[in-house]
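**Q** Protein sequences, first through last, are from chains U and P. Under the working numbering, the residue at position 26 of the first sequence is numbered 288, and the numbers go up by one with no gaps. Under the working numbering, the residue at position 287 of the second sequence is numbered 1080, and the numbers go up by one with no gaps.
Derived by calculation from the structure, the hints in this document are not laboratory data. Be aware that a few hints might be false.
[Said to hold, decoys possible] Going by beta-carbon spacing under 10 Å, a handful of chain U positions derived as facing chain P: (1) P411; (2) G491; (3) G532.
[Said to hold, decoys possible] To be clear about the criterion: a stretch of chain P counts as covered by chain U if any three or more of its residues have a C-beta under 8 Å from a C-beta of chain U, and this derived list gives those stretches: (4) 819-828; (5) 883-897; (6) 927-936; (7) 940-954; (8) 1008-1019; (9) 1027-1038.
[To be verified] Heads up, simulated BS3-like pairs for lysine-lysine below, C-alpha to C-alpha not over 25 Å straight-line: (10) P:K873 - U:K424; (11) P:K845 - P:K873; (12) P:K832 - U:K424; (13) P:K832 - P:K845; (14) P:K1006 - P:K960; (15) U:K328 - U:K342.
On a predicted model such as this, the values are computed, not experimentally measured, just so you know. Cβ atoms here follow ideal geometry from the backbone N, Cα and C, with glycine treated the same way.
Now for the letters of each chain:
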Amino acid sequence: MATRTQSLEAPADLQHKPTSLWRDALGRLVKNRLAVVGGIIVVILVFLAVFGPFLTPWNYAAQDLKSVAANHNAPVPPLKFGHLFGTDNLGHDLFSRLLDGTRISMTVALVVQVVVLFIGIPIGAAAGWFGGRIDNLLMRFTDVVYAFPDLLFVILLSVSLKDTWFGNAMDGLLLVFVAIGVVAWVTMARIVRGQILSLKETEYVEAARAIGVSDFKIVTRHMLPNAIGPVIVAVTLGIPAAILTEAVLGFLGIGANPPRASWGTLINTGSQWMSSTPHLLVFPALAIAIALLSFTFLGDGLRDALDPKLRGKQ
Amino acid sequence: MTAYIIRRVLWLIPVLFIVSVITFALMHAAPGGPWQREKPLPPANVALLNEKYGLNDPMPVQYLRWAGNLVTGDLGPSYKYLGRDVNDMVADGWTITLQLGVMAFVLAVLLGIPLGVIAALRQNGAPDYAATAVSVIGIAIPSFVLSYLLVLVFASGMHWFPTGGWKGPNTWVMPTVALAAFPIAAIARYTRASMLEVTRRDYVRTAQSKGLKERTIVVIHMIRNALIPVVTILGPIFAGLVTGSFIIEKIFYIPGIGRFYIDAISQRDYGVLMAMTMLYAAVVAIMNLVVDIGYAWIDPRIRYN
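Let the hints inform the model, and build the full structure from the sequences given.
**A** As structure tokens, this is what we get:
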């Protein structure tokens, strides 16, 4: 906004070192308290997912039937018989199972987004850059995917392939990744396509073309780095969506294979015991809530930091 | 505009066709068949049933038969509830599912938009924090968890509402609230962001400098413009409510069509599954279409091409 004369009259402004987009964005991000808290919790969740098994004396699959018997065959309440969050009716230590659930959720969060990036970016970039038939094909394909209710398609895929070798690979998690990823990459492709389309008209791209830089290099070196902001935001906001979808699959009993239990599976178990031992429902519900909120806050913060125009708060 | 609408409507046909082919192929590629029961049926009976329902025919023949029936409005038989037509099952449950979806949608719009507007106008004040709290709950607690929490507190605890069923308004309250929580949050967040965006526009400053009453500025200049982007998410939200109520229907024992869906997939009830997928896909596709057309109608800056 400032005109040249104004900045010359205000040399104090010019004493600032020029800041890169990233430094600038980071500065805005750390000022957003919710985003910082979200980010810290995300780091903690990742730590728990990696080191979970070392933090608890119980294995997630182990059954402490003695304690359940000592408790009149009812789920053990929290802080009894050495179970931090108690056990379910089969003697599974809830804390250990929550930790394993954290591992499942974080893996889903990571792998699905990697799938989305590896499929979505190349296809979106190709569609945006070449246009024409490739672009048409992508957009028509998008129409079909968007007409399928997301969750129902994921469920359809999961259930119909459940009993195959593919459905049982990696404790059933491979199928979960693929089912969620297949739906999710389309949005990423559309975002990248839109970015490339708008960057195509910029002067620096034209300049690069004029001096004979190859198509591949223009897209990867000049355009994608400039399109990365919306991509990062889509990834961070795609994570809570993937976590939620995985929880629904677990809740319906079509997620990870037993004895592994995702947060959704734990909520399903908890719901059957909620009137007598509500902790079986409350702890997994809290785990999901914390994960969803921290990723959402971090994603919102990143969006505001990377694109000040979209910013809600001043 | 008419040409645009006609083209978009015609485009629905290939989209739904592809959706049906994918669903059909996935379903039949999956191992198992519709005759698996807890007590296995004798192989002779299975052979007879396969013969009767034409399941021995090649896949394309089966698909064409299904598609041919669909065109005449016949959704075919259910393979699980033998002797029942899918048409009847859909007819029984559809109005209930639709009613639940519409009620949740109305609740979400009536609460979400005012919450977003107030939050933006009183930015960082008490109403803003209240609105934020509501959105936080909507984001953090998935509908199936919220359902159980509602049952735990208001049904088992306080006995205000029954735990399930679909008999009159007091059975409608908890499922509607559980289903609407997320859309309320989504609409409120979206409206708030959109309002804040509009606040900084030149025409609002102009209106302020003309000395218009704040009320006039907010109602005439801000809300109307701020709602344009909000409209675009209402279509997908409505479609999501209608197609996403199956978990709620299961939890609250609501006799809609959603509760059939999961069972239909796991029990390979091809007829029910195909019918519901097509119905849901049609709802989603039509809502997307309505939004695109409505958007262009509200915002004259958008051109059809």
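**Q** None of the hints should be skipped; say for each whether it holds.
**A** Hint check results:
no.	hint	in the structure
1	P411	holds (4 Å)
2	G491	violated (17 Å)
3	G532	holds (8 Å)
4	819-828	holds (count 6)
5	883-897	violated (count 0)
6	927-936	holds (count 5)
7	940-954	holds (count 5)
8	1008-1019	violated (count 0)
9	1027-1038	holds (count 4)
10	P:K873 - U:K424	holds (20 Å)
11	P:K845 - P:K873	holds (14 Å)
12	P:K832 - U:K424	holds (21 Å)
13	P:K832 - P:K845	holds (21 Å)
14	P:K1006 - P:K960	violated (48 Å)
15	U:K328 - U:K342	holds (12 Å)
Checked against the numbered hints given earlier, the structure breaks hints 2, 5, 8, 14 and satisfies all the rest.
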